[in-house]
Amino acid sequence: MDRGARGAALVSLGSITLVVMAMLVKQVGSHIPTIEILFFRSFIGFFFVLPMFWGNFLEPLRTKRLGMHAVRGLIGTLGNVCFFWTLTHMLLADAMALQFSRPLFMIPLALVFLGEIAGLRRIAVTLVGFAGISLYARPFTAGFDPGAFVGAAGALSGALIVVCIKRLSTTEPTRTIMFYYAISNAVFSLIPTLWLWVTPDWVELAMLVVIGFLGISGQGLITHGWTLGDVTALVPLDYSRIVYSAVLGFFIFGELPGLWSFAGMAIIVASSLYLVLTERRR
Numbered sequence: 001m002d003r004g005a006r007g008a009a010l011v012s013l014g015s016i017t018l019v020v021m022a023m024l025v026k027q028v029g030s031h032i033p034t035i036e037i038l039f040f041r042s043f044i045g046f047f048f049v050l051p052m053f054w055g056n057f058l059e060p061l062r063t064k065r066l067g068m069h070a071v072r073g074l075i076g077t078l079g080n081v082c083f084f085w086t087l088t089h090m091l092l093a094d095a096m097a098l099q100f101s102r103p104l105f106m107i108p109l110a111l112v113f114l115g116e117i118a119g120l121r122r123i124a125v126t127l128v129g130f131a132g133i134s135l136y137a138r139p140f141t142a143g144f145d146p147g148a149f150v151g152a153a154g155a156l157s158g159a160l161i162v163v164c165i166k167r168l169s170t171t172e173p174t175r176t177i178m179f180y181y182a183i184s185n186a187v188f189s190l191i192p193t194l195w196l197w198v199t200p201d202w203v204e205l206a207m208l209v210v211i212g213f214l215g216i217s218g219q220g221l222i223t224h225g226w227t228l229g230d231v232t233a234l235v236p237l238d239y240s241r242i243v244y245s246a247v248l249g250f251f252i253f254g255e256l257p258g259l260w261s262f263a264g265m266a267i268i269v270a271s272s273l274y275l276v277l278t279e280r281r282r
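Note that the numbering used here gives residue 213 to position 213 of the sequence shown, counting from 1, and the numbers run on in steps of one.
Derived by calculation from the structure, the hints in this document are not laboratory data. All values derive from a computational prediction rather than experimental measurement. Ideal Cβ placement from N, Cα and C applies to all residues, glycine included. Accuracy of the hints is not assured; some may be wrong.
Derived lysine to any residue pairs resembling SDA-like cross-links, with alpha carbons at most 25 Å apart [to be verified]: (1) Lys166 <-> Met23; (2) Lys64 <-> Leu78; (3) Lys64 <-> Phe43; (4) Lys64 <-> Phe48.
Label-pair restraints from in silico Cβ distances [said to hold, decoys possible]: (5) Leu277 <-> Leu13: 19 to 25 Å; (6) Ala124 <-> Phe53: 42 to 48 Å; (7) His31 <-> Gly55: 20 to 26 Å; (8) Ile191 <-> Gly67: 41 to 47 Å; (9) Pro146 <-> Leu66: 31 to 37 Å.
Working from the sequences, and respecting the hints, build out all of it.
Below is the structure:
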């Protein structure tokens, strides 16, 4: 199997892994608070990052960007809380589609923080994508759902994390960034977790452990897959998470997205993919 095919296989497997994680979050979230789920995901994921420093466990302590790591961790904590909240309060496919609106926020953020200028066409596509987010809230019907904006806030946090990573990557290796991301998410979520603590039963505890394992594994598979193949070809495979979420949502939870959801989903996916792929060509 050549590198491109291996990359496609890894991205596809990683996408499925993260969708299964999201499904478990939705399942356990009916009883366990969102912030507690995040704590377990981060705390368990931290122990999967540690082996990367085998033989040199003091390496992360040599960082000179502790403040930036902390900022990234705080933003990541808020973003993950928003994402996990949408998983437990919205349809699985809707929550996943809103997460993939992150590229829409990169245009204004890149302008403000990175000084990158976007063309009129990309600005227009971004505005269309934001209209797709609004459709999820069904603003013109009696069933107005503000939860869509919680999902959008999570996507905004994800975009801010990308900006932080771009700055951190100038001096920090990837494993150090992963180390501080996991530990900061665990630390920032610990106090509210203790405040809202709900003792999981043995089945729920096992699910929380699996969520932590799947979260770090899925992201690792996708990241490694991107290094093996052409990102332009592999990014659309990552968007297949929305399709997997719709299928699992239907068969596991009996969920069927409505017309507004399908319309918003189509607009978000089309505009986000356009921005990602044109950025790659640039």
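Okay, the hints, checked on the actual structure:
1. Simply put, Lys166 and Met23 have alpha-carbon atoms about 30 Å apart, too far for the 25 Å limit, and the pair is violated.
2. A distance of roughly 24 Å separates the Cα atoms of Lys64 and Leu78; the hinted pair therefore holds under the 25 Å criterion.
3. Simply put, Lys64 and Phe43 have alpha-carbon atoms about 23 Å apart, close enough for the 25 Å limit, and the pair holds.
4. As the CA atoms of Lys64 and Phe48 are separated by approximately 23 Å, the hinted pair is consistent with the 25 Å bound.
5. The beta-carbon spacing between Leu277 and Leu13, approximately 22 Å, falls within the hinted interval of 19 to 25 Å.
6. Look at Ala124 against Phe53: about 46 Å separates their beta carbons, and that is inside 42 to 48 Å.
7. The given range of 20 to 26 Å is broken by His31 and Gly55, whose C-beta atoms sit roughly 41 Å from each other.
8. At roughly 20 Å, the beta carbons of Ile191 and Gly67 sit outside the given window of 41 to 47 Å.
9. The hinted window of 31 to 37 Å between Pro146 and Leu66 holds, with their beta carbons roughly 36 Å apart.
Hint violations for this structure: numbers 1, 7 and 8, all remaining hints satisfied.
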